[in-house]
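J.: Taken in sequence, the protein lines are chains Z and S. Under the working numbering, the first residue of the first sequence is numbered 81, with each subsequent residue one higher. Under the working numbering, the first residue of the second sequence is numbered 16, with each subsequent residue one higher.
Accuracy of the hints is not assured; some may be wrong.
As the list claims (entries may be wrong) - In silico DMTMM-like pairs for lysine to aspartate or glutamate, Cα to Cα no more than 25 angstroms straight-line: (1) K211(S) <-> D143(Z); (2) K223(S) <-> E253(S); (3) K211(S) <-> D126(Z); (4) K381(S) <-> D98(Z); (5) K121(Z) <-> D82(S); (6) K384(S) <-> D148(Z); (7) K211(S) <-> E239(S); (8) K240(S) <-> D126(Z); (9) K69(S) <-> E109(S); (10) K381(S) <-> D148(Z); (11) K163(Z) <-> E380(S); (12) K127(Z) <-> E239(S).
Stated by the list, open to error - A few chain Z positions that, by computed beta-carbon distances, are all more than 12 angstroms from chain S: (13) R85; (14) E88; (15) D98; (16) C100; (17) G102; (18) Q118; (19) E119; (20) K163.
To be verified - For the chain Z half of the interface with chain S, some residues (derived, Cβ under 8 angstroms), not all of them: (21) L84; (22) Y86; (23) R113; (24) Q116; (25) V151; (26) C153.
Because the hints were derived from the structure by calculation, they are not lab data. These figures come from a predicted structure and were not determined experimentally. For each residue, glycine too, the CB sits at the ideal point set by N, CA and C.
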Amino acid sequence: MKGLRYIENVASLTLDKDRCVGCSTCVTVCPHRVFQLQESKAVMVDKNGCMECGACAVNCPVDAIRVDPGVGCASLIINRWLKGKNLPSGSCC
Amino acid sequence: MAGTKSGREEKDFSEGSVIELAEVQTAAAPQEVCCGGAPPPKTNPLERPGYTLKPFVRAFIKDSRSDVALVKTELDFSDHIGALLARLGINRDEYRIAPGLYGVGYPGQGSPVIVTANYKLTFDFVRRELAGLDCWILVLDTCGINVWCAAGKRTFSTEEIVYRIKETGLSERVNHRRVIVPQLGASGIAAHEVRKRCGFRVVYGPVKAVALKAFLENDMQATEKMRTVTFTFGERFELIPVEFYLFGRKVWWIFPLLFIISGFSPDIFSPLQGWQRGILVSSAALWGGVCGMLIVPLLLPWIPGRAFSLKGALLAMATTPAFVLVADLQVLETTALVLVFTSISSHLAMNFTGSTPYTSPSGVEKEMKRALPLQGLALAAGIVMWLAAPFVNI
Ligand code: SF4
Ligand code: SF4
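Okay, chain Z solo, but in the shape it has when bound (with noise of 0.2 angstroms):
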């Protein structure tokens, strides 16, 4: 997103390359274009523009991307801190 970038180095996006059959959903998916296709093969070309919303992950058939999927909410962080772990990830605005 031009203009606008989080925090660097915190994603907690992974991708194993190996698993990946190539069908780019992944890059179909991603509002921040995270994700290319060479090669046939999902890379990641911008790995800090990731928002951990989790869309990639949940749509690959194979397994592939691995994401802690969350809503980055500060309120939603702090009532977790103090009420716990339990509850769900995502479930702020």
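We have chain Z already, so just place chain S with the ligands on it with the hints.
T.: Chain S with the ligands alone, transformed into the frame defined by chain Z:
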């Protein structure tokens, strides 16, 4: 795309007929003028006890299966009022429509199926963008929440889409096996699972409804631009009223409290001093709110720093000279108030992370671990100084 251009002539319903509400209404309108002028039109015969006929419905497809409501593609006054209230945060939780199958134009066997959420604002966007096309709209039950947030909460989910496809008998309404899901719903839906469980292929449409028509006309190919999320000035602006409203509702009681604590003085308690100093400290708190919840979101890309808490603090500190000039106070009081509004601005700016489409939870957590203690310390120091100021003379 064949079959997307609207026109009743080209329709290919397998069975049943379309009942236009406008025609029903004209036919039923009474002709005679009774005492006291012409009576208002009769109740629409399509109304049913216990149900409301929604003003956005244009017609019904009636056949042996359940009715499908065909909706208007132009928004009317009540839609705009509803949208405004929802944007202001009023009535937002009740702004929903019944989930199920709808249509625009005269959808038939070959028409595309657009999936969306049952938040009425979202639904309104979608139907408006489909003007002139024949499409089905499959509305999922997301508890009245938009696609993006609902996908995060997993109410816009594989489960729900599969259930809704079956429940509406979609496979009998269309001869293809394809549903167009907004790209931002992808985090809630596993396309390959949907296919496995009900035979429908999920095609991810553009991020924004505005691009739907172009997407359909381009053989369901999205450009890179259509696939990328944005967070423009206008988009940030739209979020602000809701944030203010929801947050204001939670914290308004702080202000009377500020007036009270400002009254403590060497003569035990002075209402006059409470009033004068109360105004000062309330203004400082409010200013922190304005910085963190209004100015930071609006000027987001232009304020230095990555962390929102840093942006909030920097912006607030930048206004210190103006504050000093306006308030014209002693050093201790000035320092106290600057600490108060800087910490508040920093914290509220950090809270805005929940409304952006680009902050990762890992990043927010890292930022918070550093910022929260500093914000707390600064606020506490500010309050202590504020309380101490009447007793010392610096
Ligand atoms: S979705 Fe999975 S299999 Fe498909 S390209 Fe991406 S990583 Fe490879
Ligand atoms: S988690 Fe979301 S933002 Fe990150 S790479 Fe996957 S789709 Fe893109």
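J.: Take the hints in turn and mark each one as holding or not.
T.: Results for each hint:
1. K211(S) <-> D143(Z): 16 angstroms, holds
2. K223(S) <-> E253(S): It holds: about 15 angstroms lies between the C-alpha atoms, which stays within 25 angstroms.
3. K211(S) <-> D126(Z): 31 angstroms, violated
4. K381(S) <-> D98(Z): It is violated: about 31 angstroms lies between the C-alpha atoms, which goes past 25 angstroms.
5. K121(Z) <-> D82(S): Given pair K121(Z), D82(S) is violated - Cα atoms ~46 angstroms apart, limit 25 angstroms.
6. K384(S) <-> D148(Z): Holds, because 18 angstroms separates the two Cα atoms, which is no more than 25 angstroms.
7. K211(S) <-> E239(S): 28 angstroms, violated
8. K240(S) <-> D126(Z): 16 angstroms, holds
9. K69(S) <-> E109(S): Holds, at roughly 15 angstroms.
10. K381(S) <-> D148(Z): 14 angstroms, holds
11. K163(Z) <-> E380(S): 16 angstroms, holds
12. K127(Z) <-> E239(S): OK: K127(Z) and E239(S) at ~17 angstroms, within 25 angstroms.
13. R85: 7 angstroms, violated
14. E88: 7 angstroms, violated
15. D98: Consistent with the label, D98(Z) stays out of reach of chain S, its closest Cβ about 19 angstroms off (over 12 angstroms).
16. C100: 14 angstroms, holds
17. G102: Holds, since 14 angstroms exceeds 12 angstroms.
18. Q118: 16 angstroms, holds
19. E119: 20 angstroms, holds
20. K163: Check passes; 16 angstroms lies beyond 12 angstroms.
21. L84: L84(Z) check passes; min Cβ-Cβ to chain S is 5 angstroms, inside 8 angstroms.
22. Y86: Check passed: Cβ of Y86(Z) comes within 5 angstroms of chain S, closer than 8 angstroms.
23. R113: 6 angstroms, holds
24. Q116: 11 angstroms, violated
25. V151: 5 angstroms, holds
26. C153: Hint holds; C153(Z) Cβ to chain S Cβ min 3 angstroms, cut 8 angstroms.
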